[in-house]
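Protein sequences, first through last, are from chains A and B. Quick note: the first sequence, position 94, residue 151 per our numbering, numbers continuous. Quick note: the second sequence, position 87, residue 1533 per our numbering, numbers continuous.
Treat the hints as calculated values from the structure; they're not laboratory data. C-beta: ideal position from N, C-alpha, C; glycine also. The reader is advised that the hints may include incorrect statements.
Selected chain A positions facing chain B (in silico; Cβ < 8 Å) [claimed, not checked]:
hint, residue
1, ALA208
2, PHE209
3, GLY318
4, ASN337
5, MET343
6, ILE428
7, HIS718
Below, in silico cross-link-like pairs of lysine-lysine (DSS-like), each with a Cα-Cα straight-line distance of 30 Å or less [as the list claims (entries may be wrong)]:
hint, chain 1, residue 1, chain 2, residue 2
8, A, LYS285, B, LYS1576
9, A, LYS592, B, LYS1540
10, A, LYS129, B, LYS1540
11, A, LYS129, A, LYS716
12, A, LYS592, A, LYS129
Pair by pair, the computed Cβ-Cβ distance ranges are [as the list claims (entries may be wrong)]:
hint, chain 1, residue 1, chain 2, residue 2, range
13, B, THR1646, A, THR292, 35 to 43 Å
14, A, THR703, B, ARG1568, 36 to 44 Å
15, B, PRO1465, A, LEU467, 34 to 42 Å
16, A, TRP683, B, ASP1514, 45 to 53 Å
17, A, LEU467, B, THR1620, 56 to 64 Å
18, A, THR292, B, PRO1465, 52 to 60 Å
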Amino acid sequence: MTSEAGGLIGRLSWDAFPIVGLIQTPNANEIVANAAAAVVLVGVVVVVGLLTWFRLWGPLWRDWLTSADHKKIGIMYIVFAIVMLARGVLEGVVMRAQQAAGPGDGFLEAEHFAELFSTHGTIMVFFVAVPFVFGVANFLIPLMIGARDVAFPVMNQISLGLTVSAGMMLMVSLVVGAFSTGGWTAYPPYTGAAFNPGVGPDYWIWAIVVSGIGTTLTGINFAVTIYKLRAPGMTFMRLPMYCWTIICSSILIVFAMPPLGVAALMLAADRYLDFHFFTNDLGGNMMNYANLFWLFGHPEVYLLVLPAYGIYSEIFATFSAKRLYGYNSLVIATMSIAIMSFTVWLHHFFTMGQSALINAVFGIATMLIAIPTGVKVYDWMATLFRGRIRFSVPMLYGLAFLMLFVIGGLSGVILANPTIDYQVHNTLFLVAHFHNVLLPGVLFGLLAGYNYWFPKAFGFRLNETWGRISVVLWTVGFMLTFLPLYFVGLMGMPRRSFSWEDPSFHPYMIVAALGSLVILAALLSVVAQLWVSIKQRETTRVPVGDPWDARTLEWSIPAPPPPYNFAVIPQVTDRDDFAEAKEQGAAYPTPDAYEDILLPRNTSIGFILCVLSGVWMFALVWWIWWLAALTTGLMLVSFIAWTFRTDTEEVIPAEQVRKEHEAWLDLVRAATPVDRDHEYAPENRGLARPDLEAAT
Amino acid sequence: MKRAPTHSYPGLNLGRRHPGADKATEVVSFGFWVFLMSDLVYFGLMFAIYITMIDAQAGGPGPHELFDLTSIFAQTLILLTSSLTVGLAMLALKYNLPRSRIVMWFGITLVLGLSFLVLELRDFMAMAEKGGVPQRSGFLSAFYGLVPLHGLHVAAGCLWLVVLGIQLRVFGLTDVLMSRVVRLALFWHFLDLIWIGIITIVYFGGLTYG
């Protein structure tokens, strides 16, 4: 902490605004930076304007921001993730363009390029993948296990608030000051105060700390929900595969987020209070940071990909009209991956000076993870085998995943060998590898899930044609962008280079840049699909709730589900209970009796903490100490005040539940069942015709 | 599915005398337990960092110059006694003793917690006088990253005691508040456990290996 710090606005000054840079030195670099800042500002103005024009502030506040309903929180998570995804993709395109601009320096300055890869990584991992995964899980978990909400609905709201406010810091850093140039891993001593006295690493630190707290709380919430709130008869071995993957993810969150928090806070202590955890002098040791970061970082990738595996498991079963093959082995494989993911972190820094023996141990441990993953791939293929397969959008994503993910996984096994790693470490080969597992693995999985469960959430199907266009664009875009990077990586091109000289890289760079444009088109096609689907929603409604002849509990209720999810908590007797019930003609039973239902009341605590934590982070980044102290106090006071609330639940009377449920049951009886050949026809109102032959 | 009637969540269970609160506590207490386990990883890592940095004294003062075992002994006694008093508050709750009894044990726990913090701060100030500040060396950074983190938890526990004490006075023994007492007791015992780790690893370990 330097002595000139403090004052009313800390170290904030006019130089922090990018427009000043543009006026002083107008060049391509400044234009890109200002365009990015302008997009953020215009985005805010447009959103505020639209909300005001359509008079939506009231509904937004009452129905969404203060809601503790897990379904709405899930949807808000996904909206946030998609907004951040747009920024992450654009940054990717700019980076590809910079490297394709030919041997030499391109059009960006080195500093700016470093900011781009730092924000791109931070955003894609913490503010796209994580919230997207959490959004889907939030929406699905209670529906799949037969519960009315998650275990801690208000904490759920707070988690969302903290994640969003942390993500907003990355947006603010576009307009005020600059983000870190230290990559998403923010290795000290480079990110320490000695080499990087600016605000960049501080933006990174606080965004990571605050979103990390949100993530940890969500992990606790999901774990407790699945352990304690399962419907009667829903034993562990009857859980949908997706729930198993979320249990494993939650375990990973609970145990793997602390190392990240510890690392970031220690870095903060170094930067703000002149501690010596990771400095070059006075006994600091940066290897402690590398170990802590990857102690989190490796479980993190499984935390993201396991839920995607879960989504694929549900999709392969449904669109093959078969039971999931090898359920037990999939459960064991998932749990094995979760546990083994804690034993491999060192493979992220084989070249940082350990003994050969330690490298070998971690290399072998890393290769071992390929075994349970292989089990999964074979189980999925066996699920497809002799199924009645429909090549629907989620299924197409699944098939693209199966083929591409295996390539990504195998390149991981190559990297796990320390001797090879010495050759390709820190090259674009690595970049190709992790994009190869994260795009076809996580992103395709989430998009597949989005297409699959969208009708459950909103009551109408997404447009099939645009969906297929999307699949093609994502797949082709991915292959064009990232497969060339394997080759240039092997040729020795380092990652994160803003300039390069070897002309033989050039053709690959151009292909990759074209690929990134295809990915941009893919992102636009997702928006187009949503737009078209909303326009056509009257012809694609599925109020009965089961458009795909699916197998798990969430499909046995209306689409969209009522706030209380289940009129009567179901009694589960089998794995794939709903599929079993349909086969025996016992689906959609009329309950004998209804009971009053207790639901959490709306509360604004999540929103309050979201705003306050945002201001708190901003104050810390800019050394505005009075504001940081004030917001700390306000957060404490508002939280304590919230604990004094006694009236936290509202009652939905049994009579109202009965009326709504019986109206829906009438709808079920009136609907015409459709077979699988007419899944995308307007007559699919969500009632599936049992297809006995293929169901076994 | 039958569950054991007397022990369905971590810590001392409220049991048959408080069926409503007992049921409400089951899920929340489990959740709190998971949180504590996550917190335990925080401490575990800080212990690990401390162990790797015991030698990183960079010519600055080390454990032998800085640690005052008499004060640590007093702090240990105080903190362990406070764990007893918070346990007595739990027992008073479980066996339906008057509410004032619970608040009294809370009060005594609070006094003990604050005395612990005062002694700890005095130690830090004494260390600082001998040049033992976190800016001096990696070893001291690790020390100040770990021990005050525990102190911060004790301070948070003290704040919780005050807030919960007030709530007990205002609302009486509602199910929600009883369930909070259970969790506060869990939290307080957890702090004790961490302290045992601190005297063993930070102080004894530091004096042995530093």
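Now the hints, each set against the structure:
Because the smallest distance between the Cβ of ALA208/A and any Cβ of chain B comes to about 5 Å, under 8 Å, the interface hint for this residue holds. For the restraint placing PHE209/A at the interface with chain B, the shortest Cβ-Cβ distance is roughly 6 Å, inside the 8 Å limit, so the hint holds. The beta carbon of GLY318/A is positioned within 8 Å of a beta carbon in chain B (closest approach about 7 Å), and the interface hint is therefore held. A cut of 8 Å between beta carbons decides the hint on ASN337/A: the least distance to chain B is about 11 Å, and the hint is violated.
At a threshold of 8 Å, the smallest CB-CB gap from MET343/A to chain B is about 11 Å, leaving the interface hint violated. Violation of the interface hint for ILE428/A is found here, the shortest Cβ-Cβ separation to chain B being roughly 27 Å, above the 8 Å cut-off. The interface hint given for HIS718/A is broken, as the beta carbon of that residue sits about 26 Å from the closest beta carbon of chain B, more than 8 Å. Using a Cα cut-off of 30 Å, the hinted pair LYS285/A and LYS1576/B is violated, with the two alpha carbons roughly 52 Å apart.
Between LYS592/A and LYS1540/B, the direct Cα distance comes to roughly 60 Å. Violation of the 30 Å bound is thereby established for this hinted pair. In summary, the hint linking LYS129/A to LYS1540/B is not supported, as the alpha carbons are separated by about 39 Å, beyond the 30 Å threshold. Proposed proximity of LYS129/A and LYS716/A is supported: the alpha carbons are some 23 Å apart, at most 30 Å. Our distance criterion of 30 Å between C-alpha atoms is met by LYS592/A and LYS129/A, whose separation comes to about 22 Å.
At roughly 42 Å, the beta carbons of THR1646/B and THR292/A sit within the given window of 35 to 43 Å. The hinted range of 36 to 44 Å is satisfied by THR703/A and ARG1568/B, whose Cβ atoms lie roughly 41 Å apart. Range check, PRO1465/B to LEU467/A: about 57 Å between beta-carbon atoms, so the 34 to 42 Å window is missed. At roughly 36 Å, the beta carbons of TRP683/A and ASP1514/B sit outside the given window of 45 to 53 Å.
At roughly 59 Å, the beta-carbon separation of LEU467/A and THR1620/B lies within the given 56 to 64 Å, and the hint holds. Separation of THR292/A from PRO1465/B is about 26 Å and departs from the stated range, judged on CB atoms against 52 to 60 Å.
Going down the numbered hints, you'll see the structure goes against 4, 5, 6, 7, 8, 9, 10, 15, 16, 18, while the others check out.
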